[in-house]
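Undergrad: Protein sequences appear in the order of chains A and B.
Be aware that the first sequence starts at 0, since it is given in numbering that gives the first Met the number 0, and climbs by one per residue.
Be aware that the second sequence starts at 0, since it is given in numbering that gives the first Met the number 0, and climbs by one per residue.
Keep in mind the hints are simulated off the structure, nothing from the lab.
Because the structure is a prediction, the values reported are computed rather than measured.
Some hints here could point you the wrong way.
Derived list of chain B stretches under chain A, where covered just means 3 residues or more per stretch with a C-beta under 8 Å from a C-beta of chain A [as the list claims (entries may be wrong)]:
id	region
1	31 to 42
2	85 to 93
3	141 to 152
4	167 to 178
5	199 to 206
6	248 to 256
Beta carbons are placed, not taken as given, at the ideal position from N, Cα and C, and that holds for glycine.
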Amino acid sequence: MAALTRAVGPEAKAPPQPKRPGRPRPGWRWVILLVTAVYFLLPLWGALRFSGISAFGSVISEDGFGSSLWLSVRLAIVTTAITLMLMVPTTVYVHLRLPKLRRVLDSITILPVVIPPVVLIIGVLQITKPAPASRRARTCSPWSTSSWRCRSPTGRSTPACGPST
Amino acid sequence: MPQPSETVTAPGSLADPGAGRIPSRRGNSPARAAVKAAARYAGILPFTAYVVLGLIIPMIAVAVGAFQDPGTGAWTTKNIGLATHGAYLTGFRESIVLSVLAAVLPAVFGLLIAYAIYTAPGRGGAALRQVTITASGVFANFGGVPLAFLFITTLGSSGIETQWLKNLGWDIYGSGFNLYSVTGIVVVYMYFQIPLMVLVILPALEGLKPAWREAAESLGARSASYWRHVGGPVLLPAVLGAALLLFGFGLSAYATAQALTSGTIPLTPIQIGSFLSGNVIAGQGNVGKALGLGMVVIIAVVMVFYILLQRRAAKWLR
Chain A
0 MAALTRAVGP EAKAPPQPKR PGRPRPGWRW VILLVTAVYF LLPLWGALRF SGISAFGSVI
60 SEDGFGSSLW LSVRLAIVTT AITLMLMVPT TVYVHLRLPK LRRVLDSITI LPVVIPPVVL
120 IIGVLQITKP APASRRARTC SPWSTSSWRC RSPTGRSTPA CGPST
Chain B
0 MPQPSETVTA PGSLADPGAG RIPSRRGNSP ARAAVKAAAR YAGILPFTAY VVLGLIIPMI
60 AVAVGAFQDP GTGAWTTKNI GLATHGAYLT GFRESIVLSV LAAVLPAVFG LLIAYAIYTA
120 PGRGGAALRQ VTITASGVFA NFGGVPLAFL FITTLGSSGI ETQWLKNLGW DIYGSGFNLY
180 SVTGIVVVYM YFQIPLMVLV ILPALEGLKP AWREAAESLG ARSASYWRHV GGPVLLPAVL
240 GAALLLFGFG LSAYATAQAL TSGTIPLTPI QIGSFLSGNV IAGQGNVGKA LGLGMVVIIA
300 VVMVFYILLQ RRAAKWLR
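Chain A extracted, bound-state conformation (with noise of 0.2 Å):
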């Protein structure tokens, strides 16, 4: 069926079909990708106004910074790594040799994703419970020993330290 219609060639293409059909008309799109644009950019465009570029001089020479910087991409660069020396060779083996655990890896995975980080803190902390009073300074600053909290752009300091979503 599929070498017939190459074969007979595009001269023999009859009537003008819609071609492609149920292409939306190009305004529809560009429509909905306006939308999207602005809802994504304008906030974005938004906080630097706000804070306006001369921010980001300063910002690098106040106090603390520095180190939360690098306590942060210190997290980054260890979780990821360790994420890839586990999850590499266990997708790549998985795939070859226990095919039919596939879709059980797949459910797995999604886990922590949809688990509340939260709940998945308060069971690590019941394990890993020391004395209650120092339960707070470990769930914010798994890495240093001082004490770490997050701020809020009104300078309110919060509690949540937890992933950051």
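Following the hints, position chain B against chain A.
TA: Below, chain B without anything else, positioned relative to chain A:
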């Protein structure tokens, strides 16, 4: 007796049936098969250990703690009772309402965007696809304080967009909008939910084979009837599954809502967070675990439906 499945030989080596299956030569006693199977599964041991240590044991700890008295450690259902009444019940309700809204709306918009890209023609379409996928990967990872900041400067009560709209004669705060309400949180959550939907649903859309469309058309189907009888049913499980994923993502999101409302809206993750930071009435220390268990139960139900839908979706797409 050689195992048929083990005798995979290259076409040329048929003359020598012994080649290439030395390991299976000595028969296959049950013990040997068991050892082989065990060796095969040993490859996923590190991953399994990690999942058990990092996911399963903490979950069990939450479940056990939910039924224990924080002081004495005795078994009790008091925590569960507290977690399913009053402010905590409101928390569950608000969380579910928020997550449903923050799943359905992004699912619709994400599907529209993915469809707009999927149908974009030619080289421009390919470029558009690349840009969108890259941007989605970036935006899907937005969250927490930075995301809250973006929206406070834009749609906050003195945000830039709010001022613009006011100058145009539309006072959005006057007409009921509030960034620091459930509606506001939904608007903010869409910032990472829509890209996530695009990333999840685009492969499914692209899995629709053009041949199906051509077949439907050569049988006289119009666009609407193609979507009703072929495209729609094939795509529906994938779309619903993606929406469930977004629901779970919205339910577990914590830092964004916390940063935005600083806890003024009763959402279950924020309530659990307040247990973490030690704002606890004496004797209620384990109510946080009961709340956690409640969320895990909700997620478990969602996951069951998700897996069923995935199975269904995989029937045609893949």
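Undergrad: Each of the hints needs a verdict: does it hold here or not?
TA: We went through each hint and held it up to the structure:
Coverage of the region 31 to 42 of chain B by chain A holds [criterion: at least 3 residues with CB-CB distance below 8 Å; count 3]. Coverage of the region 85 to 93 of chain B by chain A is violated. Counting CB-CB distances below 8 Å, 0 residues qualify, and the rule asks for three or more. Counting residues of the region 141 to 152 of chain B whose beta carbon lies closer than 8 Å to any beta carbon of chain A gives 10, which meets the minimum of three for the stated coverage. Coverage of a stretch by a chain is defined here by at least three residues with a beta carbon nearer than 8 Å to that chain's beta carbons; for the region 167 to 178 of chain B and chain A the count is 0, and the condition is violated.
Restraint check on the region 199 to 206 of chain B versus chain A: 0 residues with Cβ-Cβ distances below 8 Å, three needed, restraint violated. Residue count for the region 248 to 256 of chain B with a Cβ under 8 Å from a Cβ of chain A: 7. That meets the three needed, and the coverage hint holds.
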